[in-house]
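**Student:** Please construct the entire structure, taking both the sequences and the accompanying hints into account.
Number of protein chains: 2
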Amino acid sequence: MSASKKVMIAVIGVGGVGKCFLSQLRSLAARKPSPKLSLCYVSSSRKALYHDDYAEIALDGVIEALAASSRSPPTLPDVIEYLAAAPAKAILVDNTSSQDVADSYPLALSRGVSVVTPNKKAFSGPYQLWQDIFAASGASGAKVYHESSVGAGLPVISTLKDLVETGDKVIKIEGVFSGTMSYLFNSFAPAHGQGGAWSDEVIKAKALGYTEPDPRDDLNGLDVARKLTILARLVGLPIQSPTSFPVQSLIPKELESCNSGDEFLKKLAAFDSQMEETKVAAEKAGKVVRFVGSIDVGANHVKVGLDMFDRSHPIAALKGSDNIISFYTERYGSNPLIVQGAGAGGEVTAMGVTADLLKVIAQIS
Amino acid sequence: MSASKKVMIAVIGVGGVGKCFLSQLRSLAARKPSPKLSLCYVSSSRKALYHDDYAEIALDGVIEALAASSRSPPTLPDVIEYLAAAPAKAILVDNTSSQDVADSYPLALSRGVSVVTPNKKAFSGPYQLWQDIFAASGASGAKVYHESSVGAGLPVISTLKDLVETGDKVIKIEGVFSGTMSYLFNSFAPAHGQGGAWSDEVIKAKALGYTEPDPRDDLNGLDVARKLTILARLVGLPIQSPTSFPVQSLIPKELESCNSGDEFLKKLAAFDSQMEETKVAAEKAGKVVRFVGSIDVGANHVKVGLDMFDRSHPIAALKGSDNIISFYTERYGSNPLIVQGAGAGGEVTAMGVTADLLKVIAQIS
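Taken in sequence, the protein lines are chains A and B.
Using UniProt numbering, the letters of the first sequence map in sequence onto residues 1 to 365.
Using UniProt numbering, the letters of the second sequence map in sequence onto residues 1 to 365.
Hints listed in this document are in silico derivations from the structure and should not be mistaken for laboratory results.
Any given hint could turn out to be false.
Copies of one chain are not kept apart here, so a pair can be met inside one copy or by any two copies together.
Under the rule of at most 30 Å between Cα atoms (straight-line distance), these lysine-lysine pairs were calculated in the DSSO-like manner [said to hold, decoys possible]:
| no. | residue 1 | residue 2 |
| --- | --- | --- |
| 1 | K5 | K32 |
| 2 | K206 | K279 |
| 3 | K121 | K32 |
| 4 | K303 | K19 |
**Tutor:** Structure, rendered in structure tokens:
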């Protein structure tokens, strides 16, 4: 196999997911037979490593080599131009959560550069961007895969695409789409046993690293709304944005103006009675409260917020910080197709990216 | 797009799954833009419909046209020769459960004809056949996809392949792999409430069409053993055959020699105390009994049979005739990746076949 037959890989982003991805890529490349890929570009927000002649970058020690590089990242259009002019087909792996990189997908795809990413921004932002992305992909034949944008490495997007593409009729999608929310409610209102006070559980989750640096970024529901936007669009609903449907925020109105996450956490206990009431109301009905997202396809209705479930319901029985996604379809009838497991974390998110990369390579090489 | 660029599709088998598959294919072909496929061959056990010039067979009314055909099916080597000589790449869709067709996959693959099938026989039969299939595929580049051979359309094989190919370490696979066994135990020993007598549940399951015509074909555990064989081999274990590891049969020894399923069903009640004892023993431990398969990868140990589970365990909480498959891996840690839902039925089995077909077309066209 000549070097020019290898697919060129460019990686933007070397944070938690990016580092895990590069590590998985190194293991892949060391395998016999190895996949036909060659790393030609890698960048952080401040540095870039690449060669004008597209010479292969060694995966061993790539993070150190990037840190030692004297080159700054070119502009995104220049990176895309570099890849479009490569002597082989190229794949852009976006391991950032940057809106700027997401905005460049239509250009990349239109130039024949495939895109693989866990970045939610492109698929959950303005509907026009979504349309531009898939129009560019359709016109050029370049692929765009984003399994890890919902549920990390769990087979959520691939399963939904299979259902839709083979002609099943999706009726409803429902689930727990946030590892943080899953942990909080499994602890606060467990299906069996007693939970702690709401603010205590939030503080504990932050200490365990289960929340964003500012927990309000989880509690506002926007992360879940972005994931629902992606799934709803895959089913064909023209969702305009992640704020164009009802999203319940768990941030008390009075605390929206806090200057910091720490100030918010200090003041949250004063509002524990609100969540406690919700929990007790569910208990009186023999149920538990959970933070879920749902898409009612027929009614074109998407919503994100608190709901109550029987203790024996799979959503109530969830453990730890697991996600669960239930697909109710015509073919599957009353019992949904369910996918469940860790929906966050560097390794499992990178796994979704790596698996997507292999699928794209299989199609374009 | 010229007709010669379309991928040629040959379909063997027009039973329950075959009919659903052809119906899904018809819906696909009617879509705009339609996938680049052309049906060039279809056969039942007695008839075949094809044209020597590979002219496209209309999907509308194909079952009727096949019934009206005057041609008998050629031998399998002749069918493969016909496909290998086609003016475009070809895919053989085997919707039978025939060992003969399965035995012909190495020849088809070596001649560049891809294979898509729900047929378990090729992948769970002699280990040599498994090796021959993947060696032929590796050498020619022809693809072989068989999602529906385990759990019908549920994303079981694709998920396991993604885990393995991206370098995760699979530690254990455990689950309920038979819709029949699922229904029987969910009814006989429900997690909440009382079940009926074992023989009554078997008779009820047969009446509902949930068992094979002779229920012993479900109760002997071989169907589950075949599925475990496939998954274990995908993880890399060189399982010689589905009878090379412990498989617990639920057919009482004294009834193995019954001449018919009906005779078996009549005599089964006399042995109800055996199953009742197992159920009571589980209840005393606060558990329920289930018929499961498991693969302990590190210990190279596969087994199929009865086991006990806590009432809150996802396997105990299963409903109806659903399957559940749990993947315990290094990346997913203590909480497994779980896939759950209907694992049998014409439409969902055909869906797995259709989805595989689309994936192969995306790679070879």
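**Student:** Hint by hint, note whether the structure agrees.
**Tutor:** Taking the hints in turn, this is what the structure says about them:
{"no.": "1", "hint": "K5 x K32", "verdict": "within (17 Å within a copy, 33 Å between copies)"}
{"no.": "2", "hint": "K206 x K279", "verdict": "within (21 Å within a copy, 44 Å between copies)"}
{"no.": "3", "hint": "K121 x K32", "verdict": "between (36 Å within a copy, 28 Å between copies)"}
{"no.": "4", "hint": "K303 x K19", "verdict": "neither (34 Å within a copy, 38 Å between copies)"}
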